[in-house]
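Novice: From first to last, the protein sequence lines are chains U and F. Residues in the first sequence are numbered from 1 upward in steps of one, following this note's numbering. Residues in the second sequence are numbered from 1 upward in steps of one, following this note's numbering.
Fair warning: there could be bad hints in the mix.
[Claimed, not checked] DSBU-like, lysine-lysine: derived pairs with alpha carbons at most 30 Å apart:
hint : chain 1 : residue 1 : chain 2 : residue 2
1    : U       : K97       : F       : K100
2    : F       : K246      : F       : K107
3    : F       : K288      : F       : K155
4    : F       : K52       : F       : K201
5    : U       : K97       : F       : K52
6    : U       : K317      : F       : K74
7    : F       : K288      : F       : K306
8    : F       : K296      : F       : K306
9    : F       : K259      : F       : K98
10   : U       : K97       : F       : K288
11   : U       : K317      : F       : K52
12   : F       : K74       : U       : K97
13   : U       : K31       : U       : K138
14   : F       : K296      : F       : K246
15   : F       : K107      : U       : K317
16   : F       : K98       : F       : K246
[Said to hold, decoys possible] Stretch-level coverage of chain U by chain F, calculated; a stretch enters the list once three of its residues show a Cβ under 8 Å from a Cβ in chain F:
hint : stretch
17   : 126-140
18   : 157-165
19   : 198-212
20   : 326-337
[Claimed, not checked] Pulled from the structure, derived: some chain U residues nowhere near chain F, Cβ distances all over 10 Å:
hint : residue
21   : M52
22   : D71
23   : S231
24   : L236
If you're looking for bench data, these hints aren't it; they were derived computationally from the structure. Ideal Cβ positions, reconstructed from N, Cα and C, are used throughout, including at glycine.
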Amino acid sequence: MSQDIGYVRTEMALPQPAPLRERGPLAWMRKNLFANPFDSALTIVGLVIVAMILPPLFNWAIVNAQWTGTDRTFCATVAQGGIQPDGWSGACWAFVKAKFGQFMFGRYPLDERWRVILVAIMFVALLVPLLIPRVPRKGLNAVLFFLVLPVVSYFLLIGGVFGLPHVETPLWGGLLVTLTLSFVGIVVSLPVGILLALGRRSKMPVVKMLCVIFIETVRGVPLITVLFMASVMLPLFLPAGVSFDKFLRALIGVSLFASAYMAEVVRGGLQAIPKGQYEGADSLGLSYWQKMGLIVLPQALKLVIPGIVNTFIGMFKDTSLVYIISMFDLLGVVRQNFSDAAWASPQTPASGLVFAALVFWIFCFGMSRYSIFMERRLDTGHKR
Amino acid sequence: MLSSHIKKTGNSLEKTEKGSWVMKYIISGILGAAALGLMATAASAGTLEDVKAKGFLQCGVSTGLAGFSAPNDKGDWQGLDVDFCRAVAAAIFGDGTKVKFTPLSAKERFTALQSGEIDMLSRNTTWTINRDTALGLNFVGVTYYDGQGFMINAKKLPGVNSALQLSGAAVCVQTGTTTELNLADYFKANKMEYSPVVFEKLEEVDAAYDAGRCDVYTTDQSGLYGIRLKLSSPDDHVVLPEIISKEPLGPAVRQGDDKWYHIVKWVYFGLLTAEELGITQANVEEMKASGNPEIKRVLGTEADTKIGTDLGLGNDWVVNIVKAVGNYGEVFERNVGQGSPLKIARGINALWTKGGLQYAPPIR
Numbered sequence: 001m002s003q004d005i006g007y008v009r010t011e012m013a014l015p016q017p018a019p020l021r022e023r024g025p026l027a028w029m030r031k032n033l034f035a036n037p038f039d040s041a042l043t044i045v046g047l048v049i050v051a052m053i054l055p056p057l058f059n060w061a062i063v064n065a066q067w068t069g070t071d072r073t074f075c076a077t078v079a080q081g082g083i084q085p086d087g088w089s090g091a092c093w094a095f096v097k098a099k100f101g102q103f104m105f106g107r108y109p110l111d112e113r114w115r116v117i118l119v120a121i122m123f124v125a126l127l128v129p130l131l132i133p134r135v136p137r138k139g140l141n142a143v144l145f146f147l148v149l150p151v152v153s154y155f156l157l158i159g160g161v162f163g164l165p166h167v168e169t170p171l172w173g174g175l176l177v178t179l180t181l182s183f184v185g186i187v188v189s190l191p192v193g194i195l196l197a198l199g200r201r202s203k204m205p206v207v208k209m210l211c212v213i214f215i216e217t218v219r220g221v222p223l224i225t226v227l228f229m230a231s232v233m234l235p236l237f238l239p240a241g242v243s244f245d246k247f248l249r250a251l252i253g254v255s256l257f258a259s260a261y262m263a264e265v266v267r268g269g270l271q272a273i274p275k276g277q278y279e280g281a282d283s284l285g286l287s288y289w290q291k292m293g294l295i296v297l298p299q300a301l302k303l304v305i306p307g308i309v310n311t312f313i314g315m316f317k318d319t320s321l322v323y324i325i326s327m328f329d330l331l332g333v334v335r336q337n338f339s340d341a342a343w344a345s346p347q348t349p350a351s352g353l354v355f356a357a358l359v360f361w362i363f364c365f366g367m368s369r370y371s372i373f374m375e376r377r378l379d380t381g382h383k384r
Numbered sequence: 001m002l003s004s005h006i007k008k009t010g011n012s013l014e015k016t017e018k019g020s021w022v023m024k025y026i027i028s029g030i031l032g033a034a035a036l037g038l039m040a041t042a043a044s045a046g047t048l049e050d051v052k053a054k055g056f057l058q059c060g061v062s063t064g065l066a067g068f069s070a071p072n073d074k075g076d077w078q079g080l081d082v083d084f085c086r087a088v089a090a091a092i093f094g095d096g097t098k099v100k101f102t103p104l105s106a107k108e109r110f111t112a113l114q115s116g117e118i119d120m121l122s123r124n125t126t127w128t129i130n131r132d133t134a135l136g137l138n139f140v141g142v143t144y145y146d147g148q149g150f151m152i153n154a155k156k157l158p159g160v161n162s163a164l165q166l167s168g169a170a171v172c173v174q175t176g177t178t179t180e181l182n183l184a185d186y187f188k189a190n191k192m193e194y195s196p197v198v199f200e201k202l203e204e205v206d207a208a209y210d211a212g213r214c215d216v217y218t219t220d221q222s223g224l225y226g227i228r229l230k231l232s233s234p235d236d237h238v239v240l241p242e243i244i245s246k247e248p249l250g251p252a253v254r255q256g257d258d259k260w261y262h263i264v265k266w267v268y269f270g271l272l273t274a275e276e277l278g279i280t281q282a283n284v285e286e287m288k289a290s291g292n293p294e295i296k297r298v299l300g301t302e303a304d305t306k307i308g309t310d311l312g313l314g315n316d317w318v319v320n321i322v323k324a325v326g327n328y329g330e331v332f333e334r335n336v337g338q339g340s341p342l343k344i345a346r347g348i349n350a351l352w353t354k355g356g357l358q359y360a361p362p363i364r
């Protein structure tokens with residue numbers, strides 16, 4: 001009888017948990033950190049380095065840090081003319097706190113800073129829905145963001161109309177300058193860069209030559225030279241008293257510069273598209289712009305998202321170069337304030353620079369994560 | 001992608017910025033040529049009238065130098081150079097706030113003046129013959145007598161109280177500056193040996209000196225006091241008395257406008273005269289009632305005086321200056337002297353009556 005046969009099971013065996021050596025944190029560590037002697041050695045060296053760096057850093061930045069204060073005495077030891085005990089070493093966040101307004105707005109008048117804050121709120125309110133794919137009405141949102149917002153921001157920030165006092169651009173500074181420069185650079189450079197890239201691959205000799213000349217000239221000159229020429233040499237060629245805004249000159253310089261780099265990134269994408277795609281589009285009878293807009297560019301741009309974002313991030317950080325033409329982006333304002341004798345102490349420069357680095361990192365990391373998100377979302381095949 | 005191209009970024013001490021000689025000649029050549037072309041246009045317009053029409057003075061200052069021009073917590077400019085701009089504005093408008101500041105890097109400063117972007121330059125600029133002639137500037141006076149000095153670590157070099165005892169020392173210096181050349185000249189002239197420890201950027205020099213990689217730090221003396229504030233044990237460090245180069249720092253205007261030149265020059269003399277006569281921000285109103293004929297002349301309370309109007313200003317111009325910023329001594333002490341963290345002694349910047357070099361021709 002079959003039911004008497006002891007070794008036939010009538011029900012499925014329950015799944016057994018994996019053996020201990022294959023699961024849990026210990027197994028994970030064995031697999032990832034101590035798989036072989038070399039890995040183990042590397043892990044130990046790494047841990048030692050972390051143990052050497054982290055606690056002092058934590059002590060400096062948090063435990064010993066001076067959070068409040070009105071001048072350098074709060075961030076200097078007794079021997080240095082301050083109130084801290086000898087041998088003290090901690091971050092001087094009081095300096096960052098006292099100068100925070102300047103770091104954000106530069107010397108934008110105190111009573112008018114609400115205008116900058118309003119622009120920032122509008123910027124975020126329009127940018128966030130634009131970045132989230134699920135939110136509807138992308139078209140309207142894009143029009144508001146790329147066309148309406150710049151105009152409104154221009155009048156709000158510059159003023160001089162609707163009873164708003166005029167604020168000259170030399171008073172701008174800090175994060176305001178960093179974000180304005182990089183936002184305009186990003187918004188201008190992508191379309192211009194795409195056009196330049198298409199122009200460079202065009203079969204029309206004049207268009208092609210002009211694009212090649214522009215790209216190669218701009219790429220062949222350091223940004224610092226472009227800014228310096230615009231700021232120092234240009235006024236000498238203009239009649240006395242005629243000058244146009246230095247900030248505008250920097251904006252144009254940065255935008256042109258980023259466009260040339262963007263053009264080369266996009267060209268890389270265009271060249272990666274197989275010829276069959278172009279020929280297929282042609283055989284369907286699509287016009288040049290239809291071919292590019294519907295077939296080639298969507299594939300090409302998707303391929304070069306990392307390159308595009310890389311250019312954006314590079315440009316975001318390059319805005320600091322406007323320091324040499326005496327305009328003060330975030331880093332420039334931070335460094336400028338090191339010269340305030342009321343705050344001069346051994347801890348001030350490090351604290352200011354760490355703060356600036358943190359702000360830059362937040363923005364660059366944000367861009368980087370978003371680009372990874374977009375890559376995954378747009379990844380429709382070609383998985384390697 | 002280009003950050004490595006940043007070469008020089010001044011912070012505390014962008015003082016007399018002496019780039020490489022070659023670069024200097026090229027730049028001054030270009031600027032000089034450009035200045036000649038621009039001088040004709042600049043000369044025809046009266047700067048005073050332009051300034052009055054604009055309603056404010058546009059003044060070029062440094063992008064940040066402790067005690068001379070630096071932003072405070074509120075973002076307002078403060079410092080010796082900045083207060084001089086305020087004094088000129090006060091003399092013209094009777095209001096020391098009618099001034100706008102243009103922060104300028106060392107490379108930009110002369111172009112900005114020549115192109116008319118600013119009305120005057122008050123940016124710790126060393127007065128040299130080349131700048132007075134080839135660059136088309138007129139220096140109005142010396143608001144601060146500076147010079148290259150030495151700071152030593154007294155713990156590492158005990159008993160040293162003169163630069164002549166520094167033979168064999170390791171000296172930290174910024175490379176590519178005239179500071180470096182002056183240093184070489186000085187040690188050679190005094191037949192002393194030294195080992196230079198050179199760095200590209202001032203921050204690096206500061207850090208190396210603080211870390212004890214060299215015994216001696218050399219740069220302009222006013223800067224040494226600013227650097228001392230950033231050292232971990234400032235009391236161990238001594239600024240030696242020797243000055244090995246002359247760096248007379250003063251405001252400058254464009255050539256070709258004598259009226260404007262006189263105004264800026266006499267604002268400087270007015271500051272000095274006020275100190276000499278004991279006129280201060282606090283007592284200037286009482287002083288107006290003084291019977292002393294010299295004080296009456298200076299403050300414009302004498303009957304039928306034309307001293308101020310001849311200058312193109314109101315007769316109460318000195319009153320306005322002193323009300324706005326105080327006299328020269330007050331400006332000095334507040335920004336770089338005992339009233340500031342820098343605590344620089346008056347030294348040769350004292351009045352001539354006190355053994356210094358600050359001397360004003362009579363106001364009469």
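Novice: State for each hint whether it applies.
Specialist: Consistency of the hints with the structure:
1. K97(U) - K100(F): 26 Å, holds
2. K246(F) - K107(F): Measuring from Cα to Cα gives roughly 21 Å; hence the hint holds.
3. K288(F) - K155(F): 53 Å, violated
4. K52(F) - K201(F): 41 Å, violated
5. K97(U) - K52(F): Status violated; Cα separation ~39 Å.
6. K317(U) - K74(F): 26 Å, holds
7. K288(F) - K306(F): Roughly 16 Å separates the two Cα atoms, so the pair holds.
8. K296(F) - K306(F): Judged against 30 Å, a Cα distance of about 12 Å means the pair holds.
9. K259(F) - K98(F): With a Cα-Cα distance of about 20 Å, the restraint between K259(F) and K98(F) holds, given a limit of 30 Å.
10. K97(U) - K288(F): Not OK: K97(U) and K288(F) at ~44 Å, beyond 30 Å, violated.
11. K317(U) - K52(F): Violated - the C-alpha atoms of K52(F) and K317(U) are around 41 Å apart, more than 30 Å.
12. K74(F) - K97(U): Distance of about 12 Å is within 30 Å: holds.
13. K31(U) - K138(U): Outside the cut-off at roughly 46 Å; violated.
14. K296(F) - K246(F): Violated, at roughly 36 Å.
15. K107(F) - K317(U): Measuring from Cα to Cα gives roughly 23 Å; hence the hint holds.
16. K98(F) - K246(F): Roughly 33 Å between the alpha carbons, so the hint for K98(F) and K246(F) is violated.
17. 126-140: violated (count 0)
18. 157-165: It is violated: at least three residues are needed, and the stretch 157-165 of chain U offers just 0 whose Cβ sits closer than 8 Å to chain F.
19. 198-212: violated (count 0)
20. 326-337: Answer holds; 5 residues pass the 8 Å Cβ test.
21. M52: 19 Å, holds
22. D71: Nearest chain F Cβ is 8 Å from D71(U), so the label is violated.
23. S231: 7 Å, violated
24. L236: Label violated. Min Cβ-Cβ 4 Å, cutoff 10 Å.
Violation of the numbered hints given earlier is confined to hints 3, 4, 5, 10, 11, 13, 14, 16, 17, 18, 19, 22, 23 and 24; the remaining hints are satisfied by the structure.
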